[in-house]
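Asker: The listed protein sequences derive, respectively, from chains V and Z. Position in the first sequence counted from 1, then plus 11, gives you the numbering used here. Position in the second sequence counted from 1, then plus 460, gives you the numbering used here.
These are calculated hints, taken from the structure and not from any lab test. Careful, some of the hints might be misleading.
Unchecked claim - Far from chain V by the CB rule (all over 10 Å, computed), these chain Z residues:
1) A547
2) E700
3) Q745
4) K747
5) L781
6) E833
7) P885
To be verified - One-sided and incomplete, this derived list gives chain V residues near chain Z with beta-carbon spacing under 7 Å:
8) E43
9) A53
10) Y54
11) F57
12) L59
13) T61
14) V67
15) R68
16) D71
17) G74
18) E75
19) H81
20) F82
21) W85
All C-beta atoms, glycine included, are put in the ideal place defined by N, C-alpha and C.
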Amino acid sequence: MNRSGMNLTWAALMPLCTCLTLMPVPARADQEPTIGTAVGEAYPDFVLPTLQGKDVRLSDYRGEKVLLIHFASW
Amino acid sequence: MQPFVKSGELVVLGVVQEQHPDRAHLYKQWRQIHWPILVDSLNLLDLAVVPVPVAIDESGIVRHTGRMPSSLETEFVRKTYNTVKLAKNFNRAKRADPQKLRQQVSKSGSAVAYRALGDAYFFDPAPESLDRCIEAYRQAIKLDPRDGRAHFRLGAALRKRAESTHRRPLSGGCCPGDAQAAVAQWGEALATNPNQYIWRRRIQQYGPRLDKPYNFYSWVEQARNEIKARGEQPVQLAVEPTGSELIAVSRGQEPPDRGRRGRGATGKSSDGRGDVMTMNNRDPQGKITPDSKDMVTIETVVTPARVQPGQRVRVRATFRLDEKSRPYWNNEAGDGLAIWVDVPGVFTLGEGESKYSNPYQGVLAPGEAETRETRVLEFELTVSDKLPAGEVELPAYALYYICENKGGKCLYLRQDFNVKFVVDPQAPRIQ
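So that you can see chain Z by itself, here it is in the shape it has in the complex (with noise of 0.2 Å):
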């Protein structure tokens, strides 16, 4: 292709299905791809599978779609089409002005128009603009709910408010933040199209370690090698891929550790027969000192949202510092963050075969002593195949050394919080 992108011959054009298109730049770099690149964060054109290539000539007209010909040269490039006479306005789109929008939506009022106004908020560079297109596709929601189209944007909006500074303070465990809403609509969104493809790679990449792994992002530490190799600065990753965005290593082995996840403390048994899942509840009176100035903030993102009995959810529990009080993680003390998770017995704590200690155990010292980095935990709850449909709430608490500013009093202190999520026989499978 590239001698025919080179004479003029050809345009190749890229249209990437990427939530975060910085690891798509990433790509590029690393792929070296010199052609122009767009990025379909919201899956506006309907694909339900990739990759698709489709020849376009001088008018727009479809020559090739899916399987190209043996010889794109002959049977594409150097092939005369007759020219299609159009209209100017033939078959031009634009991008929508949401202002106007608006006033056309506050009189049709349909789900499709407000689905359409969640798209031209999406991509308005205006600071609210991502809530109001938020705002639009529950509505849109609210007058279809079987839109699988807005559940789906709304998700990839949701996640793109989560990761940003302005994602919803979390309420005071009363309702979901930003991500962990994506990842139900997401689930909603898959529900009402199963064979979306697409769909189900978004909730994947969040979800459950799959059974059969699929390399998601391991790429990123081999392409900024080998771009570091070559003298280049790697792209910057606004938000670094974890858990199950990594692919799955040989059982008994954890994924390249950042200092940032948290490592599964397991043991052989003595006969050899396999991990032993320990629990030790280390505060069953709950008397460590409760973190009653909210030093830390904990958000817990469980994917899928609704799991059929029998399946795996991927819990996710993020730690932030108080940005006012500014504290700080205590490194020289003891050994780091750990949760516990109140398990009964319908529950397995760990990743198929392979299972936790509970309560489990995190991160590590970075080597400062101390440190106000956003610390991440993974696990894995397996759903027992017996269990009723219904809402489920577990107990957990995290424990962890923290000093009240730099150089300043030192603590060990627990922070209680739930992992919540809904056991539906009929929600979609997504291993």
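Extracted from the complex, chain V is given alone in its bound form (with noise of 0.2 Å):
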């Protein structure tokens, strides 16, 4: 390539590195955690219904420390 050339493709790249400096960097999400039960692992989400019907989800805990406790009652 000439110089005229290579002058020509860095000017038309400028502007573009200019916008991409400027936009705003979106946040990244951690390297997501496994799935799971075991300790360490995100407890893999559900949604039952109580007692009166009505759907929960035990992400709509989140944010908040859950103490889930699986039983019976007989």
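Put the two chains together into one complex, using the hints given.
Answerer: Okay, structure coming up:
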């Protein structure tokens, strides 16, 4: 490529580089944990009805500490 | 835990493994539990044991499971965990729309897809959804007969339908009703995974009294009394616990009688060595008038549906009066409802060491001359360990006093029925 071609190419790219610099960088999620029931894993989300029949998801409580108790009434 | 819940530092969430949600509701009321309880009738979460506590942090990460630390406060509630930034849609469940899922299933047609469709229909409130749920699970099983989850969930759906007004009418003895079909499906589930404790308990609660009796629902009576003592009205149960759901009491006694339970009339032998089974076929020639108008429908459920030789089955016979002709039990005549089971020598009618008389005597007059309640008789059969594998069909008949309508003609009638199950040395053992 001759000198004028390189200059032209660089000139064409400059506005793009400027735009990329000025655009906000989206926040990146941390590496997603494995979904599972072992310590260190993300407990699999589920949706189940309450005794009154209303659907509730475990993830509705994200942002809070949850003590999940699996039990039986027998 | 209560102070942390009140202060907002902790959410407690219960998930109950229970076929009958109203029983869990009564339990919650009795124990004055204030945290939300979710119902997992289908065992969707694949729990194999209970109870299992799990401590989950703000990012949804499991920090403790099973054994909790000695101080939940310092080891979990007050502990600061690194916040994990997660994508918005990471690990988010949603209630499946059965209509949309149905379209996907028609394309992929896999067993797992049909099972998911069954799950979606189970929770759908439309009246026909339970039927569609059952069909979807059946299709899943057709594609993968070893899918224990599909078998278990099909059993739960069938049991739910059996206890609803949509239960399938019995078709002249040809095919099992929903309740019997449910028991059969739970047996198939357990056969794929004999270590599944939840599945095992689901059969046991309807099956023969266990060698080590288990207190399934004997707390119900106590719960009701304590709730009333507090001045509250106990939650109404849609289906009362009966039979083996109530703990076996010591030998010679019967569980609490609510006027709907049958009693085996045992007699002591003169040498005091134990109970004696008396046999008295009252109508060997079939001379008592048959119930040709089908005023009573008899449904039998045998648990388990497949049994090893040497083990026991529990037979539950439910007697429902016809809704159209509206006959009544005549409580002023004779000795109530009785059933005779044609028990050849390879069977013993009774529960463990307690033998029953045959005919097995039933229920009892609730105080009014004519009543219309559904009646239930339960008894057990011990299968000889010498019996070969195969289908068993024991002839039986019921005798009852019934009036055609209130104040109408009263009769003493007989209805024949069968007790059916399969003897299979490979059947999962549930005792």
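Asker: It remains to establish, for every hint, whether it holds in the given structure.
Answerer: Here is what the structure says about each hint:
1. A547: violated, 5 Å
2. E700: holds, 14 Å
3. Q745: holds, 46 Å
4. K747: holds, 45 Å
5. L781: The assertion about L781 of chain Z holds, with a minimum of 30 Å to chain V.
6. E833: holds, 25 Å
7. P885: holds, 29 Å
8. E43: OK, holds: E43 of chain V within 7 Å of chain Z, min 6 Å.
9. A53: holds, 5 Å
10. Y54: With Cβ-Cβ at 5 Å, under 7 Å, it holds.
11. F57: holds, 5 Å
12. L59: holds, 4 Å
13. T61: At about 6 Å, which falls below the 7 Å cut-off, the nearest Cβ of chain Z leaves the hint on T61 of chain V intact, so it holds.
14. V67: holds, 6 Å
15. R68: holds, 6 Å
16. D71: violated, 9 Å
17. G74: holds, 5 Å
18. E75: Status holds, d = 5 Å.
19. H81: Holds - the Cβ of H81 of chain V comes within 7 Å of chain Z, reaching about 4 Å at its closest.
20. F82: holds, 4 Å
21. W85: holds, 4 Å
Violated hints, in rising order: 1, 16; the structure is consistent with all others.
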